[in-house]
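Undergrad: Just need the whole structure built from these sequences, with the hints factored in.
Just so you know, the protein sequences line up as chains A, B, C, D and E, in that order. Throughout, my numbering is defined as the position within the first sequence, counted from one, plus 1128. Throughout, my numbering is defined as the position within the second sequence, counted from one, plus 69. Throughout, my numbering is defined as the position within the third sequence, counted from one, plus 596. Throughout, my numbering is defined as the position within the fourth sequence, counted from one, plus 18. Throughout, my numbering is defined as the position within the fifth sequence, counted from one, plus 18.
It is worth saying that the hints were derived from the structure and are not from the lab. Remember, it's a predicted structure, so these values are computed and weren't measured experimentally. Possibly wrong hints are sitting among the right ones.
[Stated by the list, open to error] No more than 25 Å apart at the CA atoms, straight line, and that leaves these computed lysine to aspartate or glutamate pairs for DMTMM-like:
(1) E:Lys218 x B:Asp276
(2) D:Lys162 x B:Asp271
(3) B:Lys167 x A:Asp1366
(4) B:Lys116 x A:Asp1230
(5) B:Lys165 x A:Asp1362
(6) B:Lys291 x E:Glu149
(7) B:Lys291 x E:Glu144
(8) B:Lys291 x E:Glu103
(9) B:Lys157 x A:Asp1366
(10) A:Lys1419 x C:Asp663
(11) B:Lys291 x E:Glu134
(12) B:Lys116 x A:Asp1298
(13) D:Lys162 x E:Glu268
(14) D:Lys162 x C:Asp774
(15) B:Lys291 x E:Glu142
(16) B:Lys171 x A:Asp1298
(17) A:Lys1221 x B:Glu109
(18) B:Lys71 x C:Asp706
(19) D:Lys54 x C:Asp774
(20) A:Lys1221 x B:Asp141
(21) A:Lys1234 x B:Asp120
(22) A:Lys1221 x B:Asp120
(23) D:Lys162 x C:Glu767
(24) C:Lys866 x B:Asp271
(25) B:Lys97 x A:Asp1298
(26) B:Lys97 x A:Asp1222
(27) B:Lys157 x A:Asp1298
(28) B:Lys265 x C:Glu767
(29) A:Lys1232 x B:Asp120
[Unchecked claim] Here chain A is said to cover these stretches of chain B; the calculated rule only asks that three of the stretch's residues, wherever they fall, bring their Cβ under 8 Å from a Cβ of chain A:
(30) 104-115
(31) 326-335
(32) 340-352
[What the hints assert, rightly or not] Some, not all, of what chain A presents toward chain C, calculated at C-beta under 8 Å:
(33) Leu1201
(34) Gly1242
(35) Leu1268
(36) Gln1281
Here a beta-carbon is modelled for each residue, glycine too, at the ideal position from N, C-alpha and C.
What follows is the residue order along each chain.
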Amino acid sequence: ADEVRLQLQWVTQAQFAGYYVALDKGFYGEEDLDVTILPGGPDIAPPQVLAGGGADVMLNWMPSALAAREKGLPVVNIAQPFKTSGLMLTCWKDTGITSPADFKGKTIGVWFYGNEYPFLSWMSKEGISTDGGEDGVTVLKQGFNVDPLLQRQADCISTMTYNEYGQVLDSGVSEDELVTFKYEDQGVATLEDGIYALEANLEDPAFQDKMVRFVRASMKGWKYAEANPSEAADIVLDNDASGAQTEAHQQRMMAEIAKLTAGSNGSLDPADFDRTVSTLLGGGSDPVITKIPEGAWTHSITDAALN
Amino acid sequence: MKTLIAVLTVLSVIIAFWYAACLPMNIKGVLTEAERAGAEVTPAGAKERRDLGEFGLVLDNRFAIPATWAQDRPRLPAPHQVAQELWKTTGAMVLKGKMMSKRSLFYHGWVTLSATLLGFAIGTGLGILLAVGIVHSRVMDMSVMPWAIVSQTIPIIALAPMIIVVLYSVGVQGILPKAVISAYLSFFPVVVGMVKGLRSPDGMQLDLLRTYNASTNQGFWKLRLPASMPYLFASLKIGIAASLVGAIVGELPTGAVAGLGARLLGGSYYGQTVQIWSALFAAAILAACLVALLGLIERSVLKRMGMGA
Amino acid sequence: MILVILAVLVWCGGWWLNSRLANGSYAATREVQLLVPVIFGLTLVLVWQLLVRGLMVPLVILPAPTDIASAFGANLPKLWEDFLQTFVKGALSGYVIGCSAAFLMAIVMDRSDFLRRGLLPVGNFVAALPIVGTAPILVMWFGFDWHSKAAVVVVMVFFPVLVNTVAGLRETSAMQRDLMQTYAASYWQSFFKLRLPAALPFIFNGLKISTTLALVGAIVAEFFGSPTVGMGFRISTSVGQLALDMVWAEIVVAALAGSMFYGAVALVEKSLTFWHPSQRR
Amino acid sequence: MNIETTTQADATNAVVEARNLDLVFPTNDGPVQALKDVNLTINKGDFVSFIGPSGCGKTTFLRVMAALEQPTGGEITVNGMTPDEARRERAYGYVFQASGLYPWRNIARNIKLPLEIMGYSKAEQEKRVNEVLELVELSGFGGKYPWQLSGGMQQRASIARALAFDADILLMDEPFGALDEIVRDHLNEQLLKLWARTNKTIGFVTHSIPEAVYLSTKIVVMSPRPGRITDVIESPLPKERPLDIRDSPEFIEIAHRVREGLRAGHSDD
Amino acid sequence: MNIETTTQADATNAVVEARNLDLVFPTNDGPVQALKDVNLTINKGDFVSFIGPSGCGKTTFLRVMAALEQPTGGEITVNGMTPDEARRERAYGYVFQASGLYPWRNIARNIKLPLEIMGYSKAEQEKRVNEVLELVELSGFGGKYPWQLSGGMQQRASIARALAFDADILLMDEPFGALDEIVRDHLNEQLLKLWARTNKTIGFVTHSIPEAVYLSTKIVVMSPRPGRITDVIESPLPKERPLDIRDSPEFIEIAHRVREGLRAGHSDD
Ligand SMILES: Nc1ncnc2c1ncn2[C@@H]1O[C@H](COP(=O)(O)OP(=O)(O)OP(=O)(O)O)[C@@H](O)[C@H]1O
Ligand SMILES: Nc1ncnc2c1ncn2[C@@H]1O[C@H](COP(=O)(O)OP(=O)(O)OP(=O)(O)O)[C@@H](O)[C@H]1O
Ligand SMILES: Cc1ncc(C[n+]2csc(CCO)c2C)c(N)n1
Ligand SMILES: [Mg+2]
Ligand SMILES: [Mg+2]
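TA: Below, the structure is given as C-alpha cells:
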C-alpha cells in the first residue's frame, strides 16, 4: 500500500470528519493507501510541515496557502471539499451592534496566522480603520477559545459556525443575545479547508496517481459523513487521542460541517478562487499576497478522481 | 513534622483565600447565568454590570455566592472542583480499570513523562559534557558560555515548531523531537551548576594535586567531580522541572494529541477551566515527584560519599 | 557542496583563531574577553549562512542570516514598537514587580521560620506550574494588553528570586552570626550589616536567571492573546504567514534585549559583590 | 576523676559563676559530651586562661559564657544575670578562633561594625578605629579588604574589632595562634597593659603554656572527652609583668604545673 | 638592607638552589613584592625551618619550591631541574597551612589519594595508610570523615597524607599550628625520627622559635615587605635530639639568635 501522510490544520474534530471516516470505513484501504492523519494545532503551520517533508498533503485555508506560495513554497490546491466558508464574527447584541458600520469604537477579536486578511479586507471595504480609536476598531489577537467574548474583553470575536459559535451557546448564552456576521454574507469569504500538495511532487506521475486515489477516497468519506453525521461524529470521537472532545459538541459540529461541504464534489470552483484572491488583495496597507497567483490550483487530480 | 504542620497551615490559608477569591472572580458569570435562568439580579443586564466592581456585586447579590464555587466554566475554579476533576481523571479511572484510557491523566502524564525523562537525560548529558569542556578549555569557556546564555533568551515556544519541522525533515519523529525541546530547556541549568561545581575546589585542593603531579584526568575524577556533586544535584532539580515544561511545550506543535500539554491546550480551546487547572496541577505534582525523587537520590549519593552531614 | 566544505573550514578557522586568542598572552585583557565570544558568534553565523545556502534549505524552514538581516533592516520601526510593548511594558514592569515582591516575601520568610517551612514547599510547587498553562489563565484574568504579560512575568520570576534570596539570607556562617549575637545586634542591624550583604551573590543569581525568564515569559504570554503589537504577537503571526525571516528578526531582538538585560544585571552584581571569591579571580 | 576545683572567691566580686555545668551536643552518631560538671568562678578583673588538648571544650565553654551556646545542665551567671541578659547589655567582646571578618567590608569598616551597631558617633568611630589599628600595628591597612591580608594580619584585625568598644568582658579564642613570636610577645604586652588600664575581665584560650602563664591570674587546665576542668592554678605573679619574667623560677614552676596537668589529661585518652 | 646570606655549600649535594629569586604578585591596587632577592641552598638531608613575621613570604617561598608559584625573577633549581620538572617526578610531599582534606573521603581514603594517583597497589595502599595513621596517632579514625574530627586531628591527618608516599622533599607549612603543646612535642619527636630514618629533605614553616630550633639543621629567618632572608643559622645541635635538649645552653643560644633576627626584621617596618 502507498503511504500518505495528511497534515490537518487543527486538533481532531468533526471539521475533518471526511478523512477520519475514510480511514475508519476502509475507503483508503480500498484505494490501496496507507493514510496517517496528523492532527494540528495553533503552533502548527501545515505548509511548514509540508516543506519539511513531514507530510505529503495538507489541509489549509487558502489565505495561508497563497501566502506560503508567495514566500517561495509552491503549494497547489488539488481539491476543495469545502464549498462555503464557516467564518463569522459573533457580537453581543447589547453592545448595540447591528451592522458592520457599528463596529467603530468597538474591540474585536480576530484570528491571525493569515486569517486576519479577510477581516482587514472587509474593514477597508467598510472604510473602518483597524488601529483603534473612536472611529476605528481595536483589534485583539484572539486565542483559540471564546473566553474574550464571555469575559467581555471583546465586543465581537471570530467564530466558526461549527465550533466556537457552538461553544458560546454551550456556555449558556442564548442565540438572541448575539449578533453574527458571516464572512460569506459580507462578500469577503475565502476558501477554507482545501487539500494542498507541493508542486514539485505533483510532477511525479506516481505521486499524482496516489493523490487521485487519496482525493477519491476522501470525497467518498466526506459524502458518507454528510449522509451519516451521527456515525461520523462518533468516528471522530474515537480518533481523538487527547480525550478532550465531547459527544454533543462533535455531533453539532458535524451537522454544521455538512452544510459547508454540501455544495462541493471536491473540485475547486475557479470563481471561488478569484473571489478569494480579490478579497486578499484588498487587504489594506500590508497585504498577505501582492499579486494574483499563477498555478495555485489544478483540476487534474479531481478530474481524474471523479471520473 | 514541624514542616508538615507549617505546610498544612499555609495550605489551608491559601485554600481559604482561594475560595474567597472565587467570589469576585466568578460573580459576573454567575449573575449572567442566574439572570438567564430568570433570577432577580441587581443591577439587571450584563452590560450594566460590566464596569461595576466585583465586590459590590457580591454584596448586592449574596444569594449567588454558593454558585461561584460550582460554575461549569468558572474564571477561577474552586479547589474542590479541581480536586474532583483530578480524582475523576486519575483515581476514579484506576478504580474503573481504565488507568491508561485517553481520559486518564495517568495516560497523559506518562506520555509527557517519557519525553521528559528522555529529554532530561539528553540535556543533562549534554550539559555535563559542555561543563567539562568549559572547565578544561579556555576557548570553550570564553566562546561558548556567553552564547549559552544567549540561547536561553530565545523564546522556546517560538522555536519549538521549527525544531520539530526541521527534525521532521531529517526523518526524526515520535518522542525524540519533544525530548529535544525538553533537553534544550534543561541543559542550561545543568551547565551553569556544573561549571560552578567543577570550579568549586579551592586553590589549596588543586595545589595538592599539583604536588602529586596528578593528571588532568585524575584531577577530574578525584577532585572536581566529587566536589561538584552538591551543585550538580541542585541544578538537576531545576533541570528536571525545566525538562517537564519543555516536554509540555514540545507537545503543542506535534499536534497536541496526547500528554499534559494536550490536556492544557484542549482545556483552553473549549474553555474548560477546570480541565486546565487539573492538568496544571497534575504537571506540578509530577514535577514535585520528580524533584523529590532526585532529592532522595541526592541524599543517598551524598551520604555514600560522606557528605550527608 | 563547496559551500558546505567551506562551512567546515570556516568553523575550524574560527576555532583555531579563538584558541590562539584564549591561550595567548593577551587572554586576560578586556578586548580579548569580548572578542573571543564575538568571533565564535560570527563563525556560527557564517557556518549557518553557508550551510543554508549550500544545502539549499528553503526559506520557510530556516532563513539564512542575510535574509534575517534584511528583514531586520526593513522592519526596524515595527521591531522597535514590538520591543517597547513586550520588553519595556511587559517584561520590565513584571520583572520589577516580581522581584520586589519576592524580596519582601523573602524577608518575611526569613523572619518567621514557620512561614519559611510552610511556604517554601508550596512555592516550589507553584513554581513548577508550566507557563503554557498559566499564561492562558492570566490572559483571561488580566486582559489582552501588557498587564497580563507582566502578570505572567511576575509569576515566572517570583520563585527563583524568592528561593535564592531565602537561601542567601541563611548563607551566613555561624561565626558571622555569633559575632552579631555578641554585639546584641537587633534583627534589622544584623539584616543590613550581615545577612543582606552575605545574601547578595545569591540574590543576584536569582535576578540573573530571572532576566531571561522575564523576556521569554512576556513573549510566550503573547501567544495566548495580545493586541496587534508585540514580539510574541509578531512571531506567532509571522509563523502563520511563513515569514520566517521576520520570526528570526524578532528572535534576534529577543536575544539582544535578553543578553543586554542579563549583562546589565551582571554588571551591577559585579560592582556590589566585588568581594565574593567568584568575582575576585 | 572529677576533682572539686578551688573556686571559692568573694561572691560579691564574681563576674562569672559556673556550677555543675554540663553541655551535650546531640549529633547523629550519638551525643557528644563537650562539658561535664564544670565549676568555675571568675572574679572581676581576672585574666583567665583556658588550656587543654584540642577538642576538650575550651571554645564551648567560652561560647556558653557568651550565651552563644545553651548548657544542658547546671547553672551559670554573668554579672549576676544569665549570660543572655549580659549579652543584651553588650557585656562581651569576643575574638573568634578564625578571624571572621566580613569580606564585603574593608578593615576599617569591619572594626566600625560593632561601633555602628552600638550607636557611637561618626567622629568617635573614626577615632577608635585609628586607635585600635595602631594598637595591633595595622595602621595604613584600614582600606584593605580581608582577603588582601595574610592570615596573621586578619587575626590582628579581628582583635582590633573586639577592642574597639568598651566591653567589660573580653573573650578571646586562640587570638594569637597565627602570629609569630615577636608580634605575639608584643601583643601579649599590649593586652596586659590594656587589661591593667581598663580592669576588664578576660577569658583567653591558648595552646601555648608560656603565653598562658605570662598573661593569666588564673589558669584553667581542661581535659577532653568529656570536657572537664582538671586543674585551676592561681598565679602568684605580680600584675606588672615584664617579658623577662618568663625566666623567673615562679614562672617556670607554674609552667611546669600546667604541663603536668596537660599531660595527665592526655594520658586519659 | 640586603645581607648576602651564607649559602655556600657543596654544590653536588644541593637539593634546592635559589639565586636572586624575586616574586611580585600583581594585584589590583598595585604589585606586591612577596620575595626579593632570595638566595638559599638546601642540601640533601637538611631540615630547614622558615621563620618570620606573618606576611613575609614563607608560604610563597615554599610554593615556589613546589612549582605552585612562578618566580618573576632569579633562578631556582630542585635536584638540578626546574621545580616543575621535579614536581613531575613527584619529588614533593606538601602539608598545607590549613588541612585541605577532601570532605567526601574518609580519613583513610584521604591518605590513599596520593597513593592512588601514583599507582600504588591496593595492598601497599592499605599497609601505608595503617603505618602513617599509627605514626600520627589516628589509628581507628580511618573510617571517620574530616568534619567528624577536631581541627588538630584534621591537621595530623593531612600530615599523614604527605608522609604516606616516598617524596624526597617534604614541605610543611605550619603543620602544627593548631595543636596543643603536648601533641606538638610528640609530633616533633616523631618527625625528627622519621627524618633521621629516611634522610628526607624537609622545608618547614613555623612561628615557634623553640620548634624551629629543636627541629632544624638550618633556620632561615625572613623579614617582611618585601620578603627577604635576613639570617640563615646553621644549627650545631646533634642529629639525635631528646626533648630536654631544649634546656641546653646551645639551644638557648640559637633561640636567642633567631629571636634577635626576628626582632630586627620587625624593626624594619
Ligand atoms: N556544634 C557542635 N556539634 C557537635 N559537636 C560539637 C559541636 N561543637 C563542638 N563539638 C564537639 O565538642 C567538643 C569540644 O569542642 P570545642 O570546640 O569546645 O573544643 P576546643 O577545646 O575549642 O578545641 P580546639 O583547641 O581544637 O579549638 C569536641 O569534641 C567537638 O567535636
Ligand atoms: N595570591 C596572592 N595575591 C596577592 N598577594 C599575595 C598572594 N599570596 C600572597 N600574597 C602576599 O604576599 C605576601 C607574602 O605572603 P605569604 O602567604 O607568603 O606570607 P607568609 O609568610 O606565609 O605569612 P603567614 O605567616 O601569615 O602565613 C603577603 O604580603 C601577602 O599579602
Ligand atoms: C495555525 C493556524 N491556526 C488556526 C487556523 C484557522 N483555523 C483552522 S481550523 C480552526 C478551528 C476552527 O474551530 C481555525 C481557527 C489556521 N488556518 N492556521
Ligand atoms: Mg576551639
Ligand atoms: Mg603562610
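Undergrad: Take the hints in turn and mark each one as holding or not.
TA: Verification of the hints:
1. The suggested pairing of lysine 218 of chain E with aspartate 276 of chain B holds, with an alpha-carbon distance near 21 Å, which does not exceed 25 Å.
2. Distance hint between lysine 162 of chain D and aspartate 271 of chain B is fulfilled; the C-alpha atoms sit about 22 Å from each other, no more than 25 Å.
3. The suggested pairing of lysine 167 of chain B with aspartate 1366 of chain A holds, with an alpha-carbon distance near 15 Å, which does not exceed 25 Å.
4. At most 25 Å may separate the alpha-carbon atoms for a hinted pair to count; lysine 116 of chain B and aspartate 1230 of chain A meet this at roughly 17 Å.
5. Restraint check: the Cα-Cα separation between lysine 165 of chain B and aspartate 1362 of chain A comes to about 22 Å, which is no more than 25 Å; the hinted pair holds.
6. Under the criterion of a C-alpha separation no larger than 25 Å, the hint pairing lysine 291 of chain B with glutamate 149 of chain E is consistent with the structure, at around 23 Å.
7. In summary, the hint linking lysine 291 of chain B to glutamate 144 of chain E is supported, as the alpha carbons are separated by about 18 Å, within the 25 Å threshold.
8. Taken as a hint, the lysine 291 of chain B and glutamate 103 of chain E pair is honoured in the structure, with Cα atoms around 23 Å apart against an allowance of 25 Å.
9. The straight-line distance between the Cα atoms of lysine 157 of chain B and aspartate 1366 of chain A is roughly 20 Å, inside the 25 Å bound, and the hint therefore holds.
10. Taking the CA atoms of lysine 1419 of chain A and aspartate 663 of chain C, the gap is near 22 Å; set against the 25 Å cutoff, the hint holds.
11. Of the pairs offered as hints, the one joining lysine 291 of chain B and glutamate 134 of chain E holds, with about 10 Å between alpha carbons and a cut-off of 25 Å not exceeded.
12. A hinted pair counts as satisfied when its Cα atoms are at most 25 Å apart, and lysine 116 of chain B with aspartate 1298 of chain A qualifies at roughly 20 Å.
13. Distance hint between lysine 162 of chain D and glutamate 268 of chain E is unfulfilled; the C-alpha atoms sit about 43 Å from each other, more than 25 Å.
14. With a CA separation close to 24 Å, the supplied pair lysine 162 of chain D and aspartate 774 of chain C stays within the 25 Å bound.
15. Our distance criterion of 25 Å between C-alpha atoms is met by lysine 291 of chain B and glutamate 142 of chain E, whose separation comes to about 19 Å.
16. Proximity of lysine 171 of chain B to aspartate 1298 of chain A is assessed by CA-CA distance (about 23 Å); at most 25 Å being required, the pair is judged to hold.
17. The suggested pairing of lysine 1221 of chain A with glutamate 109 of chain B holds, with an alpha-carbon distance near 21 Å, which does not exceed 25 Å.
18. Distance hint between lysine 71 of chain B and aspartate 706 of chain C is fulfilled; the C-alpha atoms sit about 16 Å from each other, no more than 25 Å.
19. Taken as a hint, the lysine 54 of chain D and aspartate 774 of chain C pair is honoured in the structure, with Cα atoms around 23 Å apart against an allowance of 25 Å.
20. Simply put, lysine 1221 of chain A and aspartate 141 of chain B have alpha-carbon atoms about 23 Å apart, close enough for the 25 Å limit, and the pair holds.
21. Of the pairs offered as hints, the one joining lysine 1234 of chain A and aspartate 120 of chain B holds, with about 15 Å between alpha carbons and a cut-off of 25 Å not exceeded.
22. With a CA separation close to 17 Å, the supplied pair lysine 1221 of chain A and aspartate 120 of chain B stays within the 25 Å bound.
23. Taken as a hint, the lysine 162 of chain D and glutamate 767 of chain C pair is honoured in the structure, with Cα atoms around 24 Å apart against an allowance of 25 Å.
24. Between the alpha carbons of lysine 866 of chain C and aspartate 271 of chain B the distance comes to roughly 21 Å, so the proposed pair stays at or under 25 Å and holds.
25. Our distance criterion of 25 Å between C-alpha atoms is met by lysine 97 of chain B and aspartate 1298 of chain A, whose separation comes to about 17 Å.
26. Proximity of lysine 97 of chain B to aspartate 1222 of chain A is assessed by CA-CA distance (about 16 Å); at most 25 Å being required, the pair is judged to hold.
27. Under the criterion of a C-alpha separation no larger than 25 Å, the hint pairing lysine 157 of chain B with aspartate 1298 of chain A is consistent with the structure, at around 22 Å.
28. Taking the CA atoms of lysine 265 of chain B and glutamate 767 of chain C, the gap is near 17 Å; set against the 25 Å cutoff, the hint holds.
29. Distance check on the hinted pair: lysine 1232 of chain A and aspartate 120 of chain B sit about 20 Å apart at the alpha-carbon level, within 25 Å; holds.
30. Counting residues of the stretch 104-115 of chain B whose beta carbon lies closer than 8 Å to any beta carbon of chain A gives 3, which meets the minimum of three for the stated coverage.
31. Residues of the stretch 326-335 of chain B with a Cβ under 8 Å from some Cβ of chain A number 6, which satisfies the need for three, so the listed coverage holds.
32. Only residues whose C-beta sits within less than 8 Å of a C-beta in chain A count toward coverage, and the stretch 340-352 of chain B has 3 of them, enough to reach three; the restraint holds.
33. With its C-beta approaching chain C no nearer than about 5 Å, leucine 1201 of chain A sits inside the 8 Å limit, and its interface hint holds.
34. Interface hint at glycine 1242 of chain A: satisfied, since its Cβ lies 5 Å from the closest Cβ of chain C, which is below the 8 Å cut-off.
35. Interface restraint check: leucine 1268 of chain A against chain C, minimum CB-CB distance 5 Å, threshold 8 Å, status holds.
36. Against a cut-off of 8 Å between C-beta atoms, the interface hint on glutamine 1281 of chain A holds, since the closest Cβ of chain C lies about 6 Å away.
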